[in-house]
Each structure stands twice: as C-alpha cells, then as structure tokens.
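Construct the complete structure from the given sequences, taking the supplied hints into account.
Protein chains in written order, with the numbering used here: chain Z, 1 to 455; chain V, 1 to 311.
Don't take each hint at face value.
Stated by the list, open to error - List time: in silico EDC-like cross-link candidates among lysine to aspartate or glutamate, alpha-carbon distance up to 20 Å:
1) LYS20(Z) / ASP263(Z)
2) LYS5(V) / GLU254(Z)
3) LYS5(V) / ASP442(Z)
4) LYS74(Z) / GLU101(Z)
5) LYS434(Z) / ASP88(Z)
6) LYS74(Z) / ASP326(Z)
7) LYS195(Z) / GLU275(Z)
8) LYS250(Z) / ASP224(Z)
9) LYS250(Z) / ASP442(Z)
10) LYS5(V) / GLU356(Z)
11) LYS195(Z) / GLU114(Z)
12) LYS434(Z) / ASP22(V)
13) LYS70(V) / ASP326(Z)
14) LYS5(V) / GLU87(Z)
15) LYS5(V) / ASP263(Z)
16) LYS5(Z) / ASP203(Z)
17) LYS5(V) / ASP97(Z)
18) LYS20(Z) / ASP88(Z)
19) LYS329(Z) / GLU312(Z)
Just so you know, the hints here were simulated from the structure itself, not pulled from any lab data.
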Amino acid sequence: MRGIKLDGKKDPTLITWTIKRLRQPARVRIALRQGGRDLAVPCVRHDDSVKAGQVIALPADDFSTPLHASVSGKVMAVGTFAHPFLEDAQAIEIVGDGRGETAPGVGTERLGWESLDRAQLAPLFRQAGLVTMDEAMVPLHVLAQESLTARVRTLVINLCEPEPYVTSEQALAMSHALEIIQGAEILRKAFGAEKITAVLTEDKIQAAELLKSKIYFLKWGHVDVRVLPLVYPQGLDVPLAETLLERKLKLPAEWHRGGTPQDKGLALHRVFRSEGLEILNGASAFAAHEAIVLQKPLFERAVTVGGECVMEPKNLWAPLGLSFQDVFKAAKGLMRDPAKVIAGGPMQGRFQAGLEAMLVKGIPALLALPPEAAPDPAASACIHCGLCIDVCPENLSPVMITLASESGLYEEAASWNAADCIRCGNCTYICPSKRPMDALIDRAIHEQLNSESRL
Amino acid sequence: MIRSKTSPSRAPFIRAASTASDFLWKRSAALLIPAAAAVFFYGPAALALFAASAAAAVLAERAMGFILKKPVPFQGGHALGIGLTLALMLPPGLPLWMAVLGAVFAVAVARDAFGGPGQAPLPPILAGFLFLAVSFPLEMRAVTDPVTGHAAAHGLAWLKDGVADSGPHLSRIFMTPQPGGAGMVFFPALAAAGLLLIFQRLVFWELPFLFLAASALTAFGFGEHPAAALAGSNAFAAFFLISEGMTAPHNRHGARFFALLAGFLAAALRQVSGAFDPSAAAVMMVSFLTPWLEEAGRTERGWAPPRGASA
Ligand code: SF4
Ligand code: SF4
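Quick look at the structure:
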C-alpha cells in the first residue's frame, strides 16, 4: 500500500507499559449522548449518592445503552456542557467524594461466563454500555444484533494504532494481552464469527509476540496474529479491511455525508460486515472482557495524554466524563500553551476549541500540540510535484481532484473518483504547497452527493 | 437533529516539513552544476548570462506581483528556476539584453499574465525560449565550439558531423565539451544534476529514463548510434524540461506517455532540422497534448495500480 512513514513520536508515552490510575477526580460530567445518535435518560436526581459502575441513565431507544457513574460521589446537576464531537450535549455532573467506591458486584468474576452464548451476550454488552472504543462509538449490542442476519467470518482486532503520539492500545496490549485475547473470544461468540485475527504494525512486534504466547498458552487454533508493515494509513479500519480482503472497498454515501460519529461508524461496519469482517480495536476487546468476566461496566478507559506541550506524557485510566483540563492535570499539566488540542490522533482526530469538553468513550488519546508540531501553513499554488499521488493509499490522483474542485468542476472531480477517498489525510500532510486538499476533496464529494440526490 | 461539531481546524494537524519553496529552491540548486560547467568552459560570459537571466526573472516576478497586487509565490523560487533553466538553454554568446528579454517574457507574460504558476498552457521556460528563437533566430543559432572557440553546429548536428562513418566515439558524447546551449556543454555535469534531482526525489526517475529510451530507440531507427540520445540538449530536456512538474500530465501513465512521445519526437525532429534545440521543441509540442495524455493515462482510480502491491 502506498502511504507515509510518519514520525511515530510514541516513545514519551511508552517509557513504561503501565497505564497509570489517577487520584479520584473532583468532578465528572457524563454525556447523555456519547456519539450523537444514542441517548440516555437520567435515572438519578440531584444529591443522589452514586458509586462507580452504578447505572445513572437508562437508554432512550433500542440503539442506546445505559450510562454508569465513573466515580463515587454525589449527583450535582444535569446540564449542558461542551462535548468533544457534538455541538452541545446534556450531561450528568457528579462531584466525587474521593472514596473511590464501586457499586456492588463490580469487579467480581461472573460465574459461568465461559458458557454464555450469543443470545445472552448481546444484552450483557448493552447493560455494560459497551461501544466500539473509537470515535464512532457504535454500541456493541447493535453490531451483535445486526450480525445475526449476516455471516461474519473473521473478527479483526485492530491493534495497529497507526497515528503518531497515540499509544493507549499498545500499552493495553502490553499490560493486558490475555484480557484482550479473552475479550476478543467473547466478541467472536457474540458476532458468530469463525476466527479471530489480531493485527498489529511491525513497530509493535513485542506486543505481537506477547499475544502469540498467550494464544499458544490457551491452545486456541482459531486465533492468529498478523503483523503489517508500518506505513500510514495502514491500520485505519478501511485500509486494513482492504489489505485483508486484498481489494478496494466502495464506501457508502452515509459515511461520506458525515452525520454524527455513530452514523458514520454504523455505515462503515455494515460495509465490513457485508465482506464477512467485523473490525474492533483492542480497547473494545478489553472492555468486553471487563464487562463479561469481571462484571465491570464501561466507565473508564485507557487514554494517551501526549504531545509536546504535556509535562509528563503518559497513558492513563481515565474515568469517563473527566474534563480535558483534568486529564492534562493528571499528566502534570501543560508546560506551554498548545496551538491545538486534539481528541484522537493528529491525522484523524478532532480539534478542540477549549479544555472544558468531557471525555467520552471513543477518545483514545488527548494531545496538546505546539505550533511547530501542528502548524497552520498558508497555502500556495500547486507545483504539480506529484507527491500527493505517490502517497495516496487508494491510488487516486488527489491533485486532479483538488484542482477540479478548486475551479468548481465537481463533475470532473467525481470522474477522478473523489468518492473513493478514505480521508486518510496523506495528501494534505505531504503537499509542499500546503493546499487544503481535505477540504477540497470534501467539497467535491458533497457536491457530487448533492447532485446525485437531486436526480 | 444532533449536529456533529464542525471546526475550521481539521485533521490532519501535522504537516510534512518540506515546502514548495524548498522544493523549487532545491531544483534551482541542482541547476548550478551544469551552470558551473558552462562557466568553466565559456568563462565569465556564461556567468553574466546566468546572472542576467535569473535576476531578470526574479525582478519581473516582483514587478508583476506589484502590478497585479499578488504576493510573490514560493519566495521567488519558481521564477529563479525559470530564469536559470532558460539561461542554460541559450547560446553562451547571446547578448545579455536578449537573455533578459527572454526571462522577462517567460515570467511576466507566459506565466503571470496567465494567472501564475501552474495556470499557463505552455511551460514558461519553453515559452521564453520560443519567444527568443522566433525574435532573434540568428543570434539564437550562433553557437561556438567550447574547445576551439569557433562557430560550430548545434550540439547534435555537431555530433553527427564528427562521426561521419566510424560511428560516434562515446567519449565524444560523454566527455568532450559540446557546442549548444550554455548549460548543455558537459554531459557529466548534466548527469550529475539529473541524478541529484532523482535521488532527492524531486524528479520521478521513470520520466527521464523513458524519454531517453524512446529517444535512443528512435535514433537507432534512423540509423544513428543510440547513445546519441544522451548528447547535449536531449539529456538536458530529460532531466530539466519534461520533469518540470507543471508541464507533464498528473497521472503516472499520462506522464509516461508524455515522456515516451517527447523522446520519440526529439530524436525524429533532429533528423529533419538541425536548426534549434530539437529536444526543447519536442517537449513544447507534446506539452500541448497534455490534456489528452492525461485523459489517456487515466486508470480506473486515476492512477496506475501499485506494482507488486503488498500490504
Ligand atoms: S502534493 Fe500539492 S503541490 Fe504537489 S501535486 Fe499534489 S497538490 Fe500539487
Ligand atoms: S485522496 Fe483521500 S485517500 Fe488519497 S491521500 Fe488524499 S485523503 Fe488519502
């Protein structure tokens, strides 16, 4: 695959594999909408005492999941707070009491979890609030239900984590390899898949070996580990699926249209499933293990706190709903004002206008980048160097798409297969003229979709 | 309806370090190698020619920027490249004012009046060269032999003269200073600059290779020694003209067709006319075909599938 060898910048957060626990936070705000399409209705009131893992909101529809308190403390309010992905969101605010108590049963092993079957697992996923632990945050019970009418051959556990700075998956794989494998097995059963393939990039060879040793120990013949070359965007879900299937996929219009993260994610999972794949990351497998084996609902996650502005970059177990301000504080704070705060990685993540937004389930990393690392360069004319063509994983000609889009020739742009773009960001990254390739491609695709829907 | 946050600042947030002006300045830097060879063989006159043309190009750009109220693109790197490349193609004895005129025409008229870099239908360098060739045919044809200092035939004709029946001495192509455009005087200098461009990835290696291969085959077809394809202006065109990004098609198959066609035409033109630089003329003619080549070179996804595709 064509792509770029990005400077990984992962070392600062990989000094140790341990994912640090932070002190009990003073305050969390748990968003009632995590990914845009879901909605939960509060079932606690002002001044109620809650413990970590206790249900505080019930799902409003079949798609949604319940939400759980992530700290022990008192419910303060339900209010509108800044959300990292959505324009505004209601959230339940809990003021921590510092005691760190968990709800009864949380953390104790579930008897007979090995013999749970497909029909039993999906409701348990839902009770535990499990979602895919990437920006899409599609509830796992929804995926499990949809897989009933499809044939999923392979469950892919995507541990590639191709973006610079982000290491929460890698740290999780190094510190909890067995849990990830067992979680994957639980997911496999829930999706009715035949086998499991864990995929990593070659820089994570240690983690791959560790996983292999656990699989050997478990004597599981249906699980294998694949190591892929390290070249961005290999390891994003779409190129990974294309590599495994050895052909290019057609991306759905819903995905291009770009509704909420959950709408986009759901559309993509349907495409994968129609090809017999289900792709989930390591954090999702780990969360499934916690929920099914240890009866621990999803109320915290591993987050990489990184970027050159962070005093002590590290991986953290962060309770959901923690404000970004507090997440950075847990890494000793910021040593300089960041030019950009990003939820996610620097190639795919989302810009954050402030530090007030709260952590949701799908944020694997929080980065604070200085202007040298995340510049806002002025664009100049295309010098036709062809670099963008050389790095496009989809073998497109980004220069032709963008030149056409720039002059408003959207049909011409479409004829260069703009709609096959997977928004990996490579062309924008590489362009020496710093042209806004992504925005131009977006515009071309939207115009194309609009004119198609007018027909 | 729940709206997804949209933000003016969007991924990717990190950018490659190299900029377009770096790119263009590096190209110009590579041109200094053949320029140095020219100064070595022709003396200070060649130096004056380069300086005049480069300065004229850069100043013309500033002036146009002022008149059209546009910022100077690429910190002058693009205009500098035009001025230098053009000067390298001119006969070393050309009056300086003509060189200045050519450079000004290339930048101000052929490029900026058409809307700036990348907008003009004809590559500015070749437009400037064509302008001079039409306006001052005699002066543009007056080349001297760098060794004897006497008037001489243009590079390739010179090659032919010298090799009447015994076939060309390869050393005559590769190591002897050749008459012709100032920068084409010494093959090793051109090759060094070309390799530098290729290794710095400023030029996609296949293009010069295909151009020269097509040229060699065609020359052979006309009964010449294939190595003649490497002489003087042809090597120059291979490294500096066809790969000048804004000329060639922007899909790889199209660019390949472009290189092949230009290579063929360069060798063929040489047979019918010994007058001007046939290689530059060939590239110029094929440039007009760029839109069609682009179309013809299109693959299902716009770009050739990767060879030996792996993960
Ligand atoms: S990388 Fe940028 S400057 Fe180069 S061809 Fe592509 S769009 Fe043009
Ligand atoms: S055109 Fe799309 S797929 Fe190709 S490099 Fe650009 S963003 Fe990536």
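Item to check | Earlier hints that do not hold, by number | outcome: 1, 5, 8, 13, 17 and 18
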